[in-house]
Amino acid sequence: MKPAPFDYARPADWSAALALLAAGARPVAGGQSLGPMLNLRVATPEKLADLRHLPGYAGVTQQGGTIRIGAGTTHAAIEDGAVPGRLGAILAGVARRIAYRPVRNRGTIGGSLAHADPAADWVAVLPCFRGEAVVLGPAGERRVKLERFVTGMLATALSPEELLLAVELPALPEAARWGHWKFCRKPGEFSKATACVLAVPGEAPRAVLAALDAPPFVVADASALCAAPEAEAARLVAALDVADPWRAAIARTALRRAAEAAS
Amino acid sequence: MTTASDRPSASEGVNRPHSHASKTGKGVGASLRRKEDARFLHGRGRYVGDIAVPGMLEVAFLRSPVAHARLLGVTKPAGAQDRVFLAADLPEIAPIRAVSALPGFRVSEQTALATGKVRHVGEAIAACLASSRAEAEDLAAACEPEFEVLPAISDMLTARAPGVPLIHEHWAENVFLETRREEDLSDLDAVAAAKVTRVLRTSRQSMAPIEGRGVLAEWDTRLEQLVVTTASQQPHVSKTGIAEALGLDEGQVRVIAPDVGGGFGYKAILLPEELVCCALAMRLQRPVRWLEDRLEQLTANANCREHHYIVTAWADREGRLLGCDVDATVDSGAYSSYPFSACLEAAQIGSIFPGPYILPRFRYHTLSACTNKPPILPYRGVARPGVCYAMETTLDALARQLGLSAEAIRAVNLVPKEAMPYRNLVGKHFDSGDYKEALRRAVALVDVPKVRARQAKGECVGVGLASFCEQGAHGTSVYHGWGMPMVPGFEQAQARFTPDGVLELRVGLHSHGQGLETTLAQVAHEILGVDPARVRLVHGDTALTPYSTGTWGSRAMVMAGGAVAEACRQLGERALTIGAALLQAERGEVELAGGTVRRRGGAGIALEEIARTWYRRPQNLPADVDRGGLDVTAGYRPDPDTGTHSYACHAVVARVDVETGAVTLEDYVVVEDGGVLVNPMIVDGQVLGGTAQGIGTALYEEMPYDAQGQPLAGTLADYLLPGATEVPDIRLDHMETPSPWTRFGQKGIGESGAIGPAGAILNAINDALAPLGAEVFDLPATPARVLAAIEAARR
Amino acid sequence: MKRPISLTVNGRAETVLAEPRTHLAGLLREGLRLTGTHIGCEHGVCGACTVEVDGAPARACLLHAGAAEGASVRTVEGFDGDAVMTALREAFSAEHALQCGYCTPGMLVTARDIILRLPDADEARVREELAGNLCRCTGYRGIVRAILRVLAQRRG
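In the order they appear, the protein sequences are chains D, P and Y. Note that the first sequence covers residues 713 to 975 in the numbering used here. Note that the second sequence covers residues 11 to 805 in the numbering used here. Note that the third sequence covers residues -5 to 150 in the numbering used here.
No lab work stands behind these hints: they were computed from the structure. You can trust all of the hints, since none of them are fake.
List time: in silico DSSO-like cross-link candidates among lysine-lysine, alpha-carbon distance up to 30 Å:
{"no.": "1", "chain 1": "P", "residue 1": "Lys33", "chain 2": "P", "residue 2": "Lys45"}
{"no.": "2", "chain 1": "P", "residue 1": "Lys205", "chain 2": "P", "residue 2": "Lys446"}
{"no.": "3", "chain 1": "P", "residue 1": "Lys127", "chain 2": "P", "residue 2": "Lys86"}
{"no.": "4", "chain 1": "P", "residue 1": "Lys446", "chain 2": "P", "residue 2": "Lys460"}
{"no.": "5", "chain 1": "P", "residue 1": "Lys86", "chain 2": "D", "residue 2": "Lys759"}
{"no.": "6", "chain 1": "D", "residue 1": "Lys898", "chain 2": "P", "residue 2": "Lys460"}
{"no.": "7", "chain 1": "D", "residue 1": "Lys898", "chain 2": "P", "residue 2": "Lys467"}
{"no.": "8", "chain 1": "Y", "residue 1": "Lys(-4)", "chain 2": "D", "residue 2": "Lys759"}
{"no.": "9", "chain 1": "P", "residue 1": "Lys86", "chain 2": "Y", "residue 2": "Lys(-4)"}
{"no.": "10", "chain 1": "P", "residue 1": "Lys427", "chain 2": "P", "residue 2": "Lys205"}
{"no.": "11", "chain 1": "P", "residue 1": "Lys446", "chain 2": "P", "residue 2": "Lys427"}
On a predicted model such as this, the values are computed, not experimentally measured, just so you know.
Sequences are here, hints too, so could you generate the full structure?
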């Protein structure tokens, strides 16, 4: 289980990073998802561009009602409270249940999102917030709504020449209610169904159902789910046509329990 | 909250018996801390992978990506002709033939590298050498094998279906062995108050020691000797196997098992990879090393525990068993492994199925099916976890039909202590024990009324029991009938004083977690009074130790413990003779006490001084001294050697989430009797560790295969091993019924913990599901299986 | 192609020749002969290779040589004189928290992090935090008790 040979580069600035990508290098942040794939030779890039040391890649800032989380911010930093306020408390709870602490110490929110494993926690949770991914490419920055960022199994809205810079999420009032439920047989196992529900006073509640081997399913107005969790969860999952009856059952449970927790 | 300080430490179980607590706190019965801990806690253990020698080449194997195919050829990477070796390049390696003398056994020939055909995914085809493992893997990736793919036998139940391809083409059918015991049970329907039939299945598992296998082979040109450092539980057996396969004298092979990172049966095998490394080291005159990685371990070597049972059982109104009819199939994989053979599991099922119960009538048929999967190896408990699961779930099904409690049906069937020693209808000879008392205590320790009250409120919670016994340390009289490549005989130990008075013990088996460096020192202390700190254990090196079949079958403490005791006793006799002379006393006036030879009630002379006299001041030795000196090799075998029977009752409280099928173990109790415990702390560790593995069998571990014979769990993210959150804080209670047949009354107990969990946990789940009319039959009881059972009951 | 990788290991500046694909565990073991860091799965699940990188536990199998450049690494061989590690070693032995010893170095690095980061951890939390370190021998009871013992000692 040793990787195929690859070259490694550590760009000093963003333009160097983009140049490496333009030349075909594969970006890597914490390497906690890519690392196993390299060791298993499932991924065989010729060159890696290590983004970890780029200026401003990690870190959290707030401007007005928007919280910007640098893509290179580790799960552990978020677990330990790097994100302020109610949003930070919610994200800390999610982060704590990602893989294991030694993995969280290296793995990053941006790396996880850009890797786009449908079972990954940030892939499942972030679309629940009305936020955006900040993307840097040869033509400069652009923004992608988080619910449109992951497009399929290991597929995103990023082109091969683009990088994920940050995610920007709205700060949440203390009264925001949150429900998050995922099914793992043991901590660190890939989720077999994840659901989350966010209810911000004055806004329509939102819900996401994810980890079903498909891009996350976003319910932009989850009012019905919050009003009648059991019936609506059953209706939503039935519409998704999940082949495996057990996965369908835990998906229903996930949605219902997340909705109940948020109400 | 309970804090660490007010909890019992590992050495204080509930209700610990102390009948053999050592007087000095260091001998038999003492929870002495382990001598081996310090090196492991500082990262100073030395495992195969830690050893690197100059000029060493690393091997990566090209392994078969298909389960069953004709191997038409392999194109070696350009320029690497001399670094890639196929079977045809290594004709000096004879095929592995692990025979059994049982009638009808079909012998497979396993070449170290595939020849003509591949028979399971992961079978080694070519050895690729480079100066690093990564480069060797590059070579393996660049090889181009050509296959004519054949249909695969991926399900043991189809092994003898009409028209299936033959895995070994000269065989009549895909079967290693069938065994049967005939008895007409047709009258039982008329007389029984209850009859149940269950079809049960257990999954293929990977033993998954955290350290994989590994081997480093070197040719010593001075000694003209192959030196093989390998992660083995049985270095002497490996030596014999290597010598036979390579046509060497046994003296030309030295096998060293250094620190080994977990065995569990996974490392009780002569490996094809060992033979390849040995042949290459001889051919190339360079050290050659192969270290198994996790991908190889999971995909090429998931090799145990896959059983299928059809059990019918009859009972009278009180639940007394009237008879059992068992049809068992074991997936034995593609080849017969050396030394335990392909039939060790299936052929034992008949003799161990009655378990700790009185079974008056019994018919069985067992089949060792040959399939396109890795060859079966005996994993901790061997066939017992599956058998116990089958018997215990069947008993509960009977109890439910009769309206009896799980405790009641066991109580009427367990062999009573008054009947000990007891010989059952298939000839198992139980040495001692009070099986019913273990049951009673286990039931008392879990709060059954509370579970019943919660059930009455509609909670999906249940309690489950499993009673079983474990034959351990069985010897010649049992194994000679198998006719395998290996039959254990007298276990030998060497005890000697070095000139400074340090006691050196040499044993041919191996300690890889069992703490023998400590426990055998405790045994020596018990006999000679030498401080365990002044005892060194040499083990795992065939050049330095007496022959042994190794560490397996819960035998080390009974066999090596007995041998060390006997060697120390004889060594003590010799020391007494010298000591008496130095004290100018009669031989009959002196005794061994506290590490000295002393006149009874009088002055003593230290064993160090006696050692110094023998080695360095021989002028002071008496005329009648034993010229063998302070160096004794003694052999030991219990009498009878049919095996000790430790036994236990596991009791479990489990909660089921009826929406997801998830199972939570709320309480886990083990009442265990291992006879006299040489080191209770270490025995606790063995029981706890085995139980954790059994929890894996019950709930988590499964290597699924698709119809083409492809293993589907290639990483530990797919093949789930129990972690600290999956194993509850298991509560242990000990009983102590000495075995009348062993040196200190100790019983083999190393495998015991792994036997009970599947039965106890599934019984708890099924107890929880009973109000829903649902029952789970297959292991592991994954959430999907549990939910499917609930859904099936709803329909 | 091998290239020099400079990093600090157990307080010492080291430069090791390694291919970029060599992972930190391989670099430590083969390059520096620090064999206390064990390789168990090479995909981040088992935890046997857990070492401290820049002050926090990390998987040495998932950190490849290039990324390790400039890092400060501490392995099981580098904790002599560390009070928490000394207490853990004592507790591991007292609670029989190890058998074959293979998972032990990674277990100790994780355990030390638990002690320092979560001084109020209870049994459930300790078990949750240990989820990324697999032991096949002990059934975890001794490990959990050893960590709880040290936590209790430090709480006084």
